[in-house]
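Work out the full structure: start from the sequences and follow the hints.
In case you want the letters, here they are:
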Amino acid sequence: MSDRMNNVISNVVIETIEKLVFMFASPYDPENSTGEDPGTGVSVSFKGPFSGTLGMKVSGEVLSEIAANMLGVDDEGEITIEDKKDALKETINIICGNILPAIAGKQAVFDIDAPEIIKEGEDIKGNDGEELVSDLKFSLDEGRCDLVLFIKGKIPELDE
Amino acid sequence: MALNILVVDDSAVMRKMIIKTMGMCGLPIGEIKQAKNGMEGLKKLEKNWIDIVMLDINMPVMNGEEMIDEMLKDPEIKNIPVIVISTEGSSTRIDRLKKKGAGFIKKPFTPEMIRDTIYELTGVGEDDE
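Residue numbers (our numbering), protein chains in the order written: chain Z, 3 to 162; chain R, 284 to 412.
You may find that some hints are simply not true.
[To be verified] Ranges between beta-carbon positions, derived for each pair:
#1 Z:G79 / R:K330: 23 to 29 Å
#2 R:I312 / Z:S4: 30 to 36 Å
#3 Z:F26 / R:E329: 43 to 49 Å
#4 Z:D113 / R:W332: 40 to 46 Å
#5 R:P343 / Z:D31: 35 to 41 Å
Worth flagging that the hints you see were computed from the coordinates, not collected in a lab. Backbone N, C-alpha and C fix where the C-beta goes; we use that ideal spot for every residue, glycine too.
This is the structure we're talking about:
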């Protein structure tokens with residue numbers, strides 16, 4: 003796993019989360035986190051100059067806050083399970099759409115599949131032939147978000 | 284002039300988010316209609332007076348670019364301004380959409396991005412009543 007790849011992805015995730023759901027993300031610090039382990043997961047596959055899968059798992063409080071902030075509601079009772087899943091799918095879709103040009107260049111054309119929710123307790127896996135190239139953990143407010151990227155094909159070399 | 288707006292996105296949460304953000308732009312908003320794919324969007328355009336379409340690209344049944352292509356074939360609706368709001372990051376695809384006359388906003392977006400793009404395409408801004 004390349005440090006440069008991790009840095010690029012980390013910066014994109016932090017910026018996207020902040021702009022999209024107004025949550026402050028930072029690299030995970032276990033000593034300063036009171037949050038539960040991530041449980042709810044989502045993944046999205048893509049094809050283009052290289053193919054791959056981006057997966058994300060978040061803890062319960064993060065999932066609720068993402069949905070509440072996207073919908074602009076204060077009362078979490080107004081948010082359905084479907085809203086939460088939909089919000090998580092949109093979040094990974096947007097993160098993926100921002101990571102790909104950052105690592106492959108703005109000219110590269112990718113087709114991004116519809117995101118899929120991963121069953122509770124299941125690990126996020128890449129498709130056949132895809133290799134893990136990034137495995138990052140973030141603190142989001144008091145919760146946690148884990149992100150993995152699998153790639154098949156030539157892994158892009160990032161500029162300095 | 285209040286703008287009647289059609290929001291086309293397969294995500295109900297994203298449609299609500301776009302509508303909420305448009306409400307923060309200070310623009311005169313009239314009626315808001317929603318559709319969850321391009322096919323539904325075209326049906327809404329047949330039945331309603333719409334001033335601007337806010338359109339996602341990756342959707343099932345009929346995607347956003349296909350909807351733009353269908354709109355351009357129909358003299359009744361081909362001049363309705365379209366703003367694509369998408370995760371699309373490829374400048375190749377974005378340029379292709381712009382050549383078809385669409386504005387483009389990349390997700391995640393801000394109220395200012397929506398306000399400025401609507402102004403560019405329609406000339407309607409915060410000062411219009």
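### Query
Is 30 to 36 Å a correct range for the gap between the Cβ atoms of I312 (chain R) and S4 (chain Z)?
Taking Cβ atoms as reference, I312 (chain R) and S4 (chain Z) lie about 46 Å apart, which means the hint is violated.
#### Entry: C-beta pair D113 (chain Z), W332 (chain R): status relative to the range 40 to 46 Å that was hinted
Since D113 (chain Z) and W332 (chain R) have Cβ atoms about 35 Å apart, the given range 40 to 46 Å is violated.
### Task
With respect to the beta-carbon atoms only, verify the hint that G79 (chain Z) and K330 (chain R) lie 23 to 29 Å apart.
35 Å, violated
### Query
So the hint says 35 to 41 Å: do the beta-carbon atoms of P343 (chain R) and D31 (chain Z) match that?
40 Å, holds
### Query
Is it true that F26 (chain Z) and E329 (chain R) lie within 43 to 49 Å of each other by Cβ?
45 Å, holds
Violation of the numbered hints given earlier is confined to hints 1, 2, 4; the remaining hints are satisfied by the structure.
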